[in-house]
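These protein sequences, in sequence, are chains A and B. At position 113 of the first sequence (counting the first as 1) the number is 113 in the working numbering, and the numbers step up by one without a gap. Converting from the second sequence to the working numbering requires adding 113 to each position, the first position being numbered 1.
Incorrect hints may have been included.
Claimed, not checked - Straight-line alpha carbon distances no greater than 35 Å define the calculated DSBU-like cross-link-like pairs of lysine-lysine that follow:
hint	chain 1	residue 1	chain 2	residue 2
1	A	K68	A	K1
2	B	K155	A	K42
3	B	K155	A	K1
4	A	K42	A	K68
5	B	K196	A	K1
6	A	K42	B	K170
7	B	K170	A	K68
8	B	K170	B	K191
9	B	K155	B	K191
10	B	K170	B	K196
11	B	K155	B	K196
12	B	K170	A	K1
13	B	K155	B	K170
14	A	K42	B	K196
These are calculated hints, taken from the structure and not from any lab test.
Take a look at the letters that make up each chain.
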Amino acid sequence: KQEVTQIPAALSVPEGENLVLNCSFTDSAIYNLQWFRQDPGKGLTSLLLIQSSQREQTSGRLNASLDKSSGRSTLYIAASQPGDSATYLCAVYVGNAGNMLTFGGGTRLMVKP
Amino acid sequence: EPEVTQTPSHQVTQMGQEVILRCVPISNHLYFYWYRQILGQKVEFLVSFYNNEISEKSEIFDDQFSVERPDGSNFTLKIRSTKLEDSAMYFCASRTGGNTEAFFGQGTRLTVV
Numbered sequence: 001k002q003e004v005t006q007i008p009a010a011l012s013v014p015e016g017e018n019l020v021l022n023c024s025f026t027d028s029a030i031y032n033l034q035w036f037r038q039d040p041g042k043g044l045t046s047l048l049l050i051q052s053s054q055r056e057q058t059s060g061r062l063n064a065s066l067d068k069s070s071g072r073s074t075l076y077i078a079a080s081q082p083g084d085s086a087t088y089l090c091a092v093y094v095g096n097a098g099n100m101l102t103f104g105g106g107t108r109l110m111v112k113p
Numbered sequence: 114e115p116e117v118t119q120t121p122s123h124q125v126t127q128m129g130q131e132v133i134l135r136c137v138p139i140s141n142h143l144y145f146y147w148y149r150q151i152l153g154q155k156v157e158f159l160v161s162f163y164n165n166e167i168s169e170k171s172e173i174f175d176d177q178f179s180v181e182r183p184d185g186s187n188f189t190l191k192i193r194s195t196k197l198e199d200s201a202m203y204f205c206a207s208r209t210g211g212n213t214e215a216f217f218g219q220g221t222r223l224t225v226v
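Make the full structure from the sequences, and use the hints.
Listed below in structure tokens is the structure:
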């Protein structure tokens, strides 16, 4: 059974820092991987989708990488801002033709002004 | 920008009552999903729906749960006889195809008392 782990569980940084969030998964036979942002009590906002054939994907200040063979993905956030404070979730597509997401527990990020 | 819409945002129900959670997926999407997140826990897959039938479901999705797409726009999750442990945030999601990113709604917080 696929397990997704995110380290660290919580992170507090001063504004302006570059930071890396880690995601690992136990079974490398995934289809795609998606990073989400979740604000307290809110829904999930899609940040990036990395398809299984890709090594990385970029959107603005965000860059996500994927290494299927080692079962790892990282989300790099450049020049962090207080508005980046949220929980970041990593999820892998598994199951019948990659039709379901298995989520990690998230990294709760606080960016202090 | 198109979005997944869920109603209600919060529902309180008595144990044993039936509830229906409603979702309007993004209009050109073909795959529909329900996930749930118990407070403080990971987001968990419940069911996927494609071409008017369930394509995959988890162990959580037992006989108490059902899904329906009653018309061309709505997608519903019914819980027949709610239990205290059904209290959670329920998320609807949709996507266009098998290799594309999933978009999530803002969630319905279900509280069973």
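Against the structure, the hints:
1. K68(A) with K1(A): Distance of about 16 Å is within 35 Å: holds.
2. K155(B) with K42(A): 14 Å, holds
3. K155(B) with K1(A): 15 Å, holds
4. K42(A) with K68(A): 30 Å, holds
5. K196(B) with K1(A): 27 Å, holds
6. K42(A) with K170(B): 24 Å, holds
7. K170(B) with K68(A): 25 Å, holds
8. K170(B) with K191(B): 14 Å, holds
9. K155(B) with K191(B): 22 Å, holds
10. K170(B) with K196(B): Given that 35 Å is the threshold and the Cα spacing comes to 19 Å, the pair holds.
11. K155(B) with K196(B): 19 Å, holds
12. K170(B) with K1(A): 15 Å, holds
13. K155(B) with K170(B): 17 Å, holds
14. K42(A) with K196(B): Given that 35 Å is the threshold and the Cα spacing comes to 23 Å, the pair holds.
Checked against the numbered hints listed earlier, the structure breaks none of them; every hint is satisfied.
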